[in-house]
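Asker: Start from the sequences and build out the full structure, keeping to the hints where you can.
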Amino acid sequence: MKNWKAGLAAFKALRSLASVSVCHSKVTWSLLLGGSIGTATAFHFRGQQVFAATKSDFKSSTWMTDPITDIVTLEENSSSMRTKMETMIMRIQGEICKALEDIDGDKKFLVDRWQRKEGGGGISCVLQDGSVFEKAGVNISVVHGNLPPGAVQQMRAERGKVLEGTSLPFFATGISAVIHPKNPNVPTIHFNYRYFEVTDETGKTQWWFGGGTDLTPSYLDKQDVVHFHKTLKTACDKHNKDYYPRFKKWCDDYFTIKHRGEKRGVGGIFFDDLDKGTQADNFKFVTSCAEAVLPSYIPIVKKHKNDGYSYDDRQWQLLRRGRYVEFNLIYDRGTKFGLMTPGARFESILMSLPLHAKWEYCHSPKAGSKEDELLNVLKNPQDWV
Numbered sequence: 000m001k002n003w004k005a006g007l008a009a010f011k012a013l014r015s016l017a018s019v020s021v022c023h024s025k026v027t028w029s030l031l032l033g034g035s036i037g038t039a040t041a042f043h044f045r046g047q048q049v050f051a052a053t054k055s056d057f058k059s060s061t062w063m064t065d066p067i068t069d070i071v072t073l074e075e076n077s078s079s080m081r082t083k084m085e086t087m088i089m090r091i092q093g094e095i096c097k098a099l100e101d102i103d104g105d106k107k108f109l110v111d112r113w114q115r116k117e118g119g120g121g122i123s124c125v126l127q128d129g130s131v132f133e134k135a136g137v138n139i140s141v142v143h144g145n146l147p148p149g150a151v152q153q154m155r156a157e158r159g160k161v162l163e164g165t166s167l168p169f170f171a172t173g174i175s176a177v178i179h180p181k182n183p184n185v186p187t188i189h190f191n192y193r194y195f196e197v198t199d200e201t202g203k204t205q206w207w208f209g210g211g212t213d214l215t216p217s218y219l220d221k222q223d224v225v226h227f228h229k230t231l232k233t234a235c236d237k238h239n240k241d242y243y244p245r246f247k248k249w250c251d252d253y254f255t256i257k258h259r260g261e262k263r264g265v266g267g268i269f270f271d272d273l274d275k276g277t278q279a280d281n282f283k284f285v286t287s288c289a290e291a292v293l294p295s296y297i298p299i300v301k302k303h304k305n306d307g308y309s310y311d312d313r314q315w316q317l318l319r320r321g322r323y324v325e326f327n328l329i330y331d332r333g334t335k336f337g338l339m340t341p342g343a344r345f346e347s348i349l350m351s352l353p354l355h356a357k358w359e360y361c362h363s364p365k366a367g368s369k370e371d372e373l374l375n376v377l378k379n380p381q382d383w384v
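In terms of numbering that gives the first Met the number 0, the numbers along the sequence shown are unbroken and rise by one, the last being 384.
Honestly, I wouldn't trust all of these hints.
Stated by the list, open to error - Okay, derived cross-link-like pairs now, EDC-like style, lysine to aspartate or glutamate, Cα gap no bigger than 16 Å in a straight line:
{"id": "1", "residue 1": "K302", "residue 2": "D220"}
{"id": "2", "residue 1": "K304", "residue 2": "D220"}
{"id": "3", "residue 1": "K221", "residue 2": "D382"}
{"id": "4", "residue 1": "K257", "residue 2": "D331"}
Stated by the list, open to error - Label pairs and their calculated CB-CB ranges:
{"id": "5", "residue 1": "G118", "residue 2": "C361", "range": "42 to 52 Å"}
{"id": "6", "residue 1": "Q114", "residue 2": "I329", "range": "21 to 31 Å"}
{"id": "7", "residue 1": "E359", "residue 2": "E74", "range": "52 to 62 Å"}
No lab work stands behind these hints, which were simulated from the structure alone. Think of the CB as a built atom: it goes at the ideal place given N, C-alpha and C, for glycine as much as any other residue.
Answerer: In structure tokens, the structure reads:
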């Protein structure tokens, strides 16, 4: 106990000297401070950051930087859902960034830890102009405060309407990623998993989970799409056999570019307002979905990252990226929620947009072409498994 307290005191002293939030690389040095078995504390120095984690409680070796919530607070509240979600998304963020860096082999993620004066903050990890990934962003946020009525309406599919016209105390944490590859034969992937708490006017706390994973190819490879959907179905089926068909349809309906009469991509799963059953069971389901991202996507990247492509293939990819931008800026509730939240950090919210996109007036692919094949699927969603 004495050694543990000494280590904790050293950590607090080091944090008082550390700079707050800088963009930095992942150079890491470690110092182990002695304690009794099972309570050793590791201090990691990332650039100007000082990062402490009790190894017995948190698998911190995968984290990209300090958690948003102080590590001592996390340890003291280890059983709360807020802590469980934050440590889970920290782990998933690190695992995905490491996997993408290994594949790209050229660039590393810029790690930007930011704070929000209204409460909380986030960690934005962005890789740009790599050899495989044109732009990949993996963000987490842990924010709290009070929401204006406009943001409340964007929080969830149904309850936002019930809470309309009120300003409410809230807590929200989640992970969101969009990966735009260079090669037109490698699809874009998006995923987001989140947890909300809102205290209504009666003082009652309402909680729910939401999220999903979806695939947006420029060219259709049916084997890839089947693999992607099968992986997500397996993750869903472990918890509820009704989840995949229900959330697959929800995904198709949600990711619709209404003014184009097209879906954004070939779907996946999407859900919101998940509050039936226990918090623990819903958390396990969301964790399974987050852990399914890499096995659903990485085999597709490896399969196509070295495929040849033409100038015309690239131009079609840029047009599809333009459609991606249209959906995110016009329809996506998550983007609207972020923009309406006090203290919104626009760099992180707009991270989902591609590095390059293109719009052509009244563009239409040639009938029977592979571009036309994709467009037919986007206008007529299919069952893939």
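Asker: List in ascending order the numbers of the hints, as given earlier, that are violated by the structure.
Answerer: No numbers; nothing is violated.
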